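Q: Take a look at the letters that make up each chain.
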Amino acid sequence: MSLIEKFFGKKKASAESAKDRLKIMLAHERAENSFPFMDDLRKDLIEVIKKYTEVEDIHITTEKNKDIDLLEVEIVLGKSTKH
Amino acid sequence: MGIVITVTSGKGGVGKSTTTANIAVGLANEGNRVVAVDFDIGLRNLDMILGLENRIVYDVIDVMEGKCNLSQALINDKKSKGLFFLPASQTNDKDVLEREKVKNLIESLKADFDYILVDSPAGIESGFEHSIAFSDRALIISTPDVSAVRDADRVIGIIDAKSEKAKRGEEVQKHVIVNRIKPDMVERGDMLSIDDVLGILALPLIGAVPDDEGVVSSTNTGEPIVRNDKALSGEAYRRITKRIMGEDVDYMDLKAKKGFAAMFKGLFK
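Residue numbers (my numbering), protein chains in the order written: chain R, 1 to 83; chain S, 1001 to 1269.
Check the hints yourself; a few may be wrong.
Below, in silico cross-link-like pairs of lysine-lysine (DSS-like), each with a Cα-Cα straight-line distance of 27 Å or less [unchecked claim]:
(1) Lys19/R <-> Lys1110/S
(2) Lys1110/S <-> Lys1182/S
(3) Lys23/R <-> Lys1110/S
(4) Lys1182/S <-> Lys23/R
(5) Lys23/R <-> Lys1094/S
(6) Lys1011/S <-> Lys23/R
(7) Lys1011/S <-> Lys19/R
(8) Lys1255/S <-> Lys19/R
For the record, the hints were derived by calculation from the structure and aren't laboratory data. As the structure is a prediction and not an experimental result, all values here were calculated from the model.
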């Protein structure tokens, strides 16, 4: 940073935004890459649940923190017509 | 038994073949028996970077298909006696490599050489998988830009999944080479630094190569820059070579050149 920039301020250096954008992107992509079985798991889960009840869709989301990997499974059963 | 080292990157155009050529020549000049194998099937390139394009008779596929002996296909570099080169074929058939045949080829090269350098194709498809399958070590090349770092990260994530070594419960030893660093841009904060790249990829460094116009001219003439004693990038490759051989070598000081004029300019930029 030059002396003049120091006095008058300057927009964030571009390397900083590269770093921030990469970190966010890669945290997301790594989580996806570490669960390559997602599609199969989703299909199998649907088959199992079908044995017991109607199922419309299943959403699985991944979460990766420092110490723990998490799969969140949301099972959409569809509109409740009974009752 | 030789050590198999795959040079890979994910993204194309970051300097895989140039790195392969320079490290291969470097290792041979250190007295090793080295073979550089071009696995970029269909897009042969390593031959010109090594300056051996006029001597090709057979290629790697001919060897695997049994159309010739290994020794008939290997090209010996006259300038670096310990260096041999096995060119890629130029077929359009991307699926021409077969795992079992690749294994046999690598096994026979291991029996005969100290180092087997495999130049992997860009991408993460079958060509990449074959080039990493029987490796002991991987050198991951990245330039300091978002696309290269992102693709390098993806490759790093799948290396062990594709490796026979990992199947045996071991790990492919992985190191990063940061290529085409421009120290003055890093100092201005306009280029990711070596530490930035390493922090993101979470792997150890084995060398950083400064951006150097000399690399372009050396590729033009087919004379790897590692042979040029005066070139900064050549020195970087020589040090990487020694680190691969297990020597503890200081890292080069890649700082922007600061003369009085540059300092003056920096003030008013």
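Q: If you check each hint against the structure, which ones fail?
A: 1, 2, 3, 5
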